[in-house]
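S.K.: What follows is each chain in one-letter form.
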Amino acid sequence: MKKYDNYEAEELALDSDFRDWVQGKSPNADFWLAYGQQHPERQEVLRTAEELVRAMRVRTVPVAEKLVRAEVSQFMERATQTSTRQKPGNLSASRSLSWRNAYRYAAAIGLLGLLVAAGWWLGKPRNQASRTAGAISPQEVDMAYTETRNSTGKPLRLVLSDNSKVVLGPKSVLRYAPQFSGGERVVYLTGEAQFEVVKRKEPFKVYAGDLVTKVLGTRFVVRAYENDQNVSVQVQSGKVSVYRKEADDKEDTADKAGIILLPNQAAIYQQAEGQLSKTIVARPIVQVPQVVSTNFEFRETPLPQVLNQIQQAYAIPIQFDEEALQNCRITASLANETMLEKVAILCKLVGGRYELVDGQIIVRADGCR
Amino acid sequence: MKQRLTIQEIQQLWLDYQSGDMEALATLMQAFYADLYNWGLRFVPEGETVRDCLQDVFLALWQKHGHMAVVQDVPAYLFKTVKHRLLQEYRRKSFTQVMSLTDEQYTVHVEFSADLRQIEEEHQVYRLRRLEQLMNQLPERQREIIYLRFYQNLEFDQIAEIMQIGKQPVYNLLHRALKNMRDYTLGTFSWLLVAMGPCTTLFQELGKKA
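Residue numbers (this note's numbering), protein chains in the order written: chain G, 1 to 369; chain C, 1 to 210.
Since the hints were made in silico from the structure, they are not lab data.
Small disclaimer: the values here were computed from a predicted structure and weren't measured.
In this text, a Cβ means the ideal position worked out from N, Cα and C, and glycines have one as well.
DMTMM-like, lysine to aspartate or glutamate: derived pairs with alpha carbons at most 20 Å apart:
1) C:K179 <-> G:E8
2) G:K239 <-> G:D162
3) G:K201 <-> C:E23
Distance ranges between label pairs, derived from CB positions:
4) C:E9 <-> G:D30: 27 to 33 Å
5) C:L116 <-> G:T148: 58 to 64 Å
6) C:Q72 <-> G:T148: 36 to 42 Å
7) G:S293 <-> C:S19: 35 to 41 Å
8) G:P27 <-> C:H123: 30 to 36 Å
9) G:L67 <-> C:R129: 30 to 36 Å
10) G:D30 <-> C:Q72: 34 to 40 Å
11) C:E9 <-> G:V173: 32 to 38 Å
12) C:M68 <-> G:T148: 32 to 38 Å
13) G:E355 <-> C:E9: 56 to 62 Å
14) G:S277 <-> C:H84: 47 to 53 Å
15) G:Q319 <-> C:Q72: 55 to 61 Å
Just a sample of chain C residues kept apart from chain G, beta carbon distances all over 12 Å, derived:
16) I7
17) M68
18) V70
19) V71
20) D73
21) V74
22) Y106
23) E122
24) Q164
25) Q168
26) P169
Chain G extracted, bound-state conformation (with noise of 0.2 Å):
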């Protein structure tokens, strides 16, 4: 033990397993007794540093376990979709709004439940061995692919070498590299399986079927079934691109003859044909939360306003004649609806129709008077 013999009683007060010892937390609790006994003349120090360490309580607020493991989910679901945004401006856009709203409503939709993000994360044993494992040679992770087959009914979480997550589907099976190495990063599926890639300069490709899906960080689902005619990719959010594969080994800078695919839009491959196409998401989720704060509620509102909402809100273009639909007027409250529901909606009311051509909406009537 220290000598205390000198201090005074704030620097007995300063002492951290003095300070334990009086908050009764100290495993020298022997050694305080035994000093005061020893030291007669040193009583009054003693009891001066106890009250100021006894004063020096601060009121503070418990902080239940509960909240923070709230918050930390909450901050990987922000997390995860703020480093898939591609362009900066809509980060700034979305700060103003009150995110907690926006996280409600993300939740809301049901996309992939925060819940489940954040059961995912706290039920994962944290294995810091595997994190700094030593390097490995190329050769050996030509070697070494990890194949996991999903042979129950549920969907199987996984976690890849860079922390990218993958959903894998019922029956479905995924090839890669337990350790992702060189330019990029490449996982093999059979089946169906969302992605979550984590951004990183290398580019993330999924091989299915014949055709290849490229990505830098985003959220998709990729579905290529061995007894399905097509083979599908649908994209939550960022940004992807899609070829077949024997386009895949041409230079990087060649045209591709891909498509782009950008949030809520869809490729479909039919492998017979050989034709790859674009169209939209079965149900599109709002991307831009701040554009829908009236929660799709129109009252007397010229149906172009109403279509510029929706298309900017999910971020998936509509044509259509501003002019000709301008004397439109809308009252409807369409927040249940999914995305094409709602057109389906508007174009009754107005005796048009839509058409989904190339990832877009084409809104064809001939106007009210």
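Starting from the known structure of chain G, arrange chain C on it as the hints suggest.
M.R.: Chain C in isolation, oriented as in the chain G frame:
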């Protein structure tokens, strides 16, 4: 008792975060959340604002993970960033009312509440209450230091970085605060001694000392 990370673990998590590991940053957030939340409440006593601020701080960290400068002391850096952010926020909000707020002019809500556990004797309770009152009258900077040192268990150089002053001034301020406190109580009690006469051993000892 919550689990504490070692300095090495903190450093490793920070390195992992810098190389793009979001989970590492989330682990740091989890580990420091309660302390930083509590710290934040010292400047803006509104839970909602502090929670938003912490989200913003960690999100901003995440967004610049690729180009973060080297951080010597992660806890001190986090405490400093949270404080800075909240004061900025506060200034922005109150801009119209308080034009002249500078870095030195801010309010720290550190309220002492004496620990009266296992104290039964009335005069001791009285002394502690009096001491508590005096602590709460200390200059705000001194209370901030006491809070960081004793509540958050930070070292002097960490406190110096958070408060953006030298290490020696931190130590001096703290020492002076406690010394004044002791002298003040002793002074008060020697006066009481005269008024009440020597009734307890404690007062006799105090009298000798004074």
